[in-house]
Amino acid sequence: MTAPTPPVPLPPASKARPRPSLGELLRLSLYLGLVGFGGGVSVLAIIESLVVARHGWLTPKEFANTATIAQMLPGGAATNTLAQVGLRFHGVRGAAVTYGGFVLPGALSIGLLAWAYVHFGALPHADAFLAGLNAAVVGVIGAITVKMARTSVVRLWQMGVVALALLLTLVGQAGPLEVAFLGIAGGLGWDLGIERARLLRFGRKRFQPAPQVGLPDEGGTLQHAAGPESAESAAPREPASPPRPPGMLWLLPAGSLLPGALMVLLPMAVIFFRIGLGAYGGGFAIIPALHRELVDTALITERQFADAVAVGKLTPGPVLLMATFLGYVKEGLAGALVATLAILTPPFLLVVALSAWLTRVRSRRWVRAALRGLTPAVVGLMLAAALTLGQTMKTGVGLSLAAVTAMTLIRFETVNPVALLAVCGVVRLALHLGLGL
Numbered sequence: 062m063t064a065p066t067p068p069v070p071l072p073p074a075s076k077a078r079p080r081p082s083l084g085e086l087l088r089l090s091l092y093l094g095l096v097g098f099g100g101g102v103s104v105l106a107i108i109e110s111l112v113v114a115r116h117g118w119l120t121p122k123e124f125a126n127t128a129t130i131a132q133m134l135p136g137g138a139a140t141n142t143l144a145q146v147g148l149r150f151h152g153v154r155g156a157a158v159t160y161g162g163f164v165l166p167g168a169l170s171i172g173l174l175a176w177a178y179v180h181f182g183a184l185p186h187a188d189a190f191l192a193g194l195n196a197a198v199v200g201v202i203g204a205i206t207v208k209m210a211r212t213s214v215v216r217l218w219q220m221g222v223v224a225l226a227l228l229l230t231l232v233g234q235a236g237p238l239e240v241a242f243l244g245i246a247g248g249l250g251w252d253l254g255i256e257r258a259r260l261l262r263f264g265r266k267r268f269q270p271a272p273q274v275g276l277p278d279e280g281g282t283l284q285h286a287a288g289p290e291s292a293e294s295a296a297p298r299e300p301a302s303p304p305r306p307p308g309m310l311w312l313l314p315a316g317s318l319l320p321g322a323l324m325v326l327l328p329m330a331v332i333f334f335r336i337g338l339g340a341y342g343g344g345f346a347i348i349p350a351l352h353r354e355l356v357d358t359a360l361i362t363e364r365q366f367a368d369a370v371a372v373g374k375l376t377p378g379p380v381l382l383m384a385t386f387l388g389y390v391k392e393g394l395a396g397a398l399v400a401t402l403a404i405l406t407p408p409f410l411l412v413v414a415l416s417a418w419l420t421r422v423r424s425r426r427w428v429r430a431a432l433r434g435l436t437p438a439v440v441g442l443m444l445a446a447a448l449t450l451g452q453t454m455k456t457g458v459g460l461s462l463a464a465v466t467a468m469t470l471i472r473f474e475t476v477n478p479v480a481l482l483a484v485c486g487v488v489r490l491a492l493h494l495g496l497g498l
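This note's numbering numbers the first residue of the sequence shown as 62 and each following residue consecutively.
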């Protein structure tokens with residue numbers, strides 16, 4: 062009599078993927094908002110370690126695709142990525158929770174610093190420290206620009222896009238959205254038109270595989286295998302309009318019918334909302350347009366503007382939060398709230414509206430072509446930003462600090478830009494106290 066055959070063990074039941082609650086997403090976003098110094102790809106790495114490795118909410122491939130889509134749109138890459146994570150699990154409500162949770166710590170920090178700046182910023186020692194921060198920010202932008210150019214500006218026509226974007230921004234007073242559309246049109250026209258015709262003349266039926274390209278967010282790169290990036294659809298084209306006076310003056314006729322506070326806050330909201338539509342390059346690309354709207358119209362001084370950019374980089378969260386500082390300096394708490402909401406709303410709305418569509422089209426040829434034109438345009442905007450902020454450096458000390466910062470970040474990839482900002486501020490303060498420079 063044969064022994065009974067032991068039963069074959071059943072395969073273990075597959076474990077369902079955990080689904081985060083709104084509370085978990087809020088706690089995660091608040092934590093990232095507290096530790097998210099440096100911005101860009103460095104914060105994306107922290108998000109991936111938590112969302113993929115620790116919690117298992119997304120697979121590595123899903124996260125790579127999510128980060129790719131985030132960098133096709135204006136706004137910070139980390140902010141947009143978290144908004145997409147919330148959107149995936151809890152719809153618009155989840156996106157609002159993750160987006161707001163991430164920016165809240167930085168907004169509160171900048172608001173507190175803006176209050177201190179208004180009350181104590183005129184002190185000589187504070188002025189010297191802020192001058193060091195400003196110089197370091199110019200170096201940070203320069204380093205980011207060089208990194209983006211190395212990976213993205215490899216063809217002669219792309220160099221032309223960089224030069225044209227720089228010229229239109231500084232001389233033609235074009236906004237970031239107009240420059241972005243210029244780059245997209247150039248990429249589509251060259252890669253899908255001129256380049257295609259040239260290749261067909263040589264009997265080649267397909268394009269060669271696209272090279273690695275720089276992302277329009279603080280110089281990071283992703284391979285096309287993980288999902289090509291583009292921002293061709295990041296914002297609707299602005300309708301044609303007749304020439305208008307500079308700054309907020311064009312809104313004064315309508316504003317004259319409103320109460321006194323709204324006469325200032327409503328035009329301010331329109332300015333920051335419109336500029337938020339073109340907030341590529343991690344937010345640095347909007348610096349020339351903001352400078353033109355606020356400084357050239359004497360609403361903010363040159364030094365206040367430079368200090369706002371420095372504080373925006375020094376604190377956690379996206380650089381776009383420099384709008385909080387500018388709003389507070391101009392109109393106090395109400396101005397800070399209006400400016401913050403106005404500049405952060407366009408990227409959020411575009412993430413909610415376009416994420417699903419961009420996920421479907423991101424691998425198409427015209428998307429890759431658009432990105433190859435967009436990224437050089439962003440490089441031109443970043444160069445314009447560095448030159449605009451460089452106007453505040455009146456001495457060789459500032460230029461030296463900016464150069465050292467740029468070379469350090471280019472040479473050493475792991476150095477945190479926030480640490481360099483603090484070091485430059487302390488060095489500039491020490492030179493002021495010790496040598497009177």
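Everything labelled a hint here was simulated from the structure, so no lab data went into it. Some hints here could point you the wrong way.
[What the hints assert, rightly or not] Restraint ranges, calculated between C-beta atoms of paired labels, are given here: (1) Gly221 x Thr456: 33 to 39 Å; (2) Val422 x Gly250: 14 to 20 Å; (3) Arg421 x Gly254: 21 to 27 Å; (4) Leu496 x Arg80: 55 to 61 Å; (5) Thr358 x Leu228: 38 to 44 Å; (6) Thr406 x Leu231: 39 to 45 Å; (7) Val232 x Val96: 37 to 43 Å; (8) Ala480 x Ala177: 42 to 48 Å.
Where is the CB? At the ideal position from N, CA and C, for every residue including glycine.
*Quick one: which hint numbers does this structure break? Sort them smallest to largest.*
Hint check: 5, 6 and 8 fail, others pass.
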